[in-house]
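Construct the complete structure from the given sequences, taking the supplied hints into account.
Chains as they are written, first to last, in my numbering: chain A, 3 to 160; chain B, -14 to 377; chain C, 677 to 867.
The hints are all genuine.
Here are the computed lysine to aspartate or glutamate pairs in the EDC-like style, where the Cα-Cα straight-line distance is at most 20 angstroms: (1) Lys364(B) to Asp51(A); (2) Lys784(C) to Asp59(A); (3) Lys763(C) to Asp371(B); (4) Lys166(B) to Glu334(B); (5) Lys53(B) to Asp82(A); (6) Lys784(C) to Asp118(A); (7) Lys120(B) to Glu35(B).
I should point out that these hints are in silico values taken from the structure, not numbers from a laboratory.
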Amino acid sequence: MDKYILDIDIEKCNACMRCVFACSLARSGVIDERQAMIKIIVEKGIVIDIAVCRHCDPAPCVNVCEFDALRVEDGRVVLDQSRCTTCKACISVCPFGAIRESYGGELVKCDLCGGDPACVRVCPTGAIKYVPAHMVRTRRISSVAKTIYEYLEKIGGR
Amino acid sequence: MKTVIIGGGIGGIYTAYYLVKYGYTPNDITVIAAEWPPYSKHRLAEVLSEKLSIDYTYIGIYNLLLDKGINVIHGVADKIDITEKKVLLKGGSEIIYDNLVITTGGKPFIPPIKGVNLDNNMTFYDIKDLKKLMKIRGPLRIAVIGAGLVGLTAASALKRIGASVTVYELMEDILPGVIDKPLSSRLKDYLVGKGLRIYTGTRVEEIIGDHRVKGVKASGRIDPADIVVFATGVRPNTGLIKDIGIETVRGVIKIDRTGMTSIKNIYAAGDCALSHDLITGKEVYRPLGFVAAHYARIIARNIIGTKKETRGIVPTIYENIGGAHIVRVGLSLKEAESLGLTPSIRCEETIDQISCTVVEDGAPIGYEAVGFNERIRNKAWQVYYDIHTLYS
Amino acid sequence: MAHRYILAVDYEKCTGCHLCELACSIKHYGVVNPYLSRITIITKPEIQASTPVYCLQCNDAMCARACPANAIYFDDKTGAWLIDYNKCIGCRECVYACPFGAISLTVKAEPIKCDLCGGDPECVKVCPHGAIFYGPEYEVVRKLKKGKAVGIVYEVLEKGIEVPAGNRVKEAEEAVKTLYRIWEERKKLNI
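In structure tokens form, the structure reads like this:
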């Protein structure tokens, strides 16, 4: 089975925050940044990072959780709120800062909305896409090829 | 086979959970809990500062365990009779066990200084303290004694609900047990900039007042205070097992790598017991939630009969104090030195993050980082993985 | 390591036949699937260009720098950056970090990159036009230079037969015209 992943192009993101609000709405029914599982980090007006779970496999967070609260379930890393005690060991080892604290110490992390991510539906610039894993490179190399072609056309080559 | 678990904290609840998960009959498990439902101490500060309901602190797993049919006795164990294999409860009843798990947890340590018995002296340890602090109204002057993780999270939470907070620390640096000098001094600068008063290297000599607290005398200076919060560490709560012959080290229950104490079929986990360090293999006292859960799983495995020995614990600590991220994986320089190693430290510093790797013989044994913006990327996983592949 | 071994492609010789892609995927997975290839040819028929995208085995590799698990390491023997799959957590950070798009993902989201076939690249052997070179750095660079020189000479000599299939039609035509002019002038001088 193809693994679907969130493919994020940070250069296309203009920090309109729609994904953040949609995520929070889908998760809890209110628009609140702290309830969202995706976070756009802006520094000096530039989007420097979009912190969202990469659904690693084998995942560091699953590895350190002693409470059986995190597990990998058909290619997704899932957090079981009822088992979590907010020991935050998972936050300490996550290389992306993708697990965040919400109200009352509750931890939130992306669950891919069960296969139809809300953030992807609302993104106006196409910075977030939900695609099969092997399609990610297609975007990367086509942007590389584009620069080469542009150069060739500019210098009048063929 | 009956299993009796004394204590309804994280260690007790997760022993019951793992027992049920690994196929133990839920009806044969009895949990003796003084406080029910179980709650997480990690959430106290958040609930306090966000002014949320107490329900947020409860660990949701207890419903699942009750549905499965485990027995919960709301009470306090008074005595353990190891010859007849039974636990006597306060109030007279008794329970027979085949396996006993002691997870009585810890109790806050209050230093013996003058005036600690006054009103408005309190700790920040359990749900009773939280309830007391939640009643606070208006701007109060609060003195927090101890700048460890508990002290600083409490201080920043109290600051957020409008109190004027002063922190006293006996050691030269804040977070003395968690991070090392270059990080803690930068963290201190950051927290002072956020409006927290922190006095390090300051010994609190006396709590001044008649019935209520009026001030704190520290290093000769007197600061007014309305409430004093002690966050001066945790001691094991092992009064129950004093006379029954279980081996202890300075009051902490000694356990082997299967979680068993010196007496067969009696196990111990959590803040009342020692744990093993993965890197040095030594026994250390780490009153942390995930250590309790780790041993809970090991004990559950051994009770159901699949032999399992732990290789030890690598501490993984994260805390957000007033917007600063503190990450610590493995050993800190000080802790490594106290365990008999000769480590060195390598630090990288940028505007918004400072991170240090503790190295022993060219191999990393620890990683610490303090970040000051919203981005909490770090290299902790690399170090954690390296430690695990090297030492186990 | 005496000399660093590199893999290089002469873009001008590449015709976009995609044989290297197939060889790569057969070598590593035993199936013919361009998605499982570590080298990818992008063809654009409108401007008759084929651009191979492959791992350049950078000296200071962004993928290795970005990897949060320290899973990408340099292999001195073959001169390749390799992925340690025991350490890899599948976070795709290397895919985003690579400026060339040389790291791709399998359907199971496992990153794959050129490992130089352990020092014996299959793509080099299969290329029908000899566009891919592998060897010590100085030798490969020499071959690339030679390739360019050969291309110019070829166009000069074969001018009368047909329009060369090179990239440099305009420049080459100019160059060839100049050369012919000089040739004619020198003939008149009768040296």
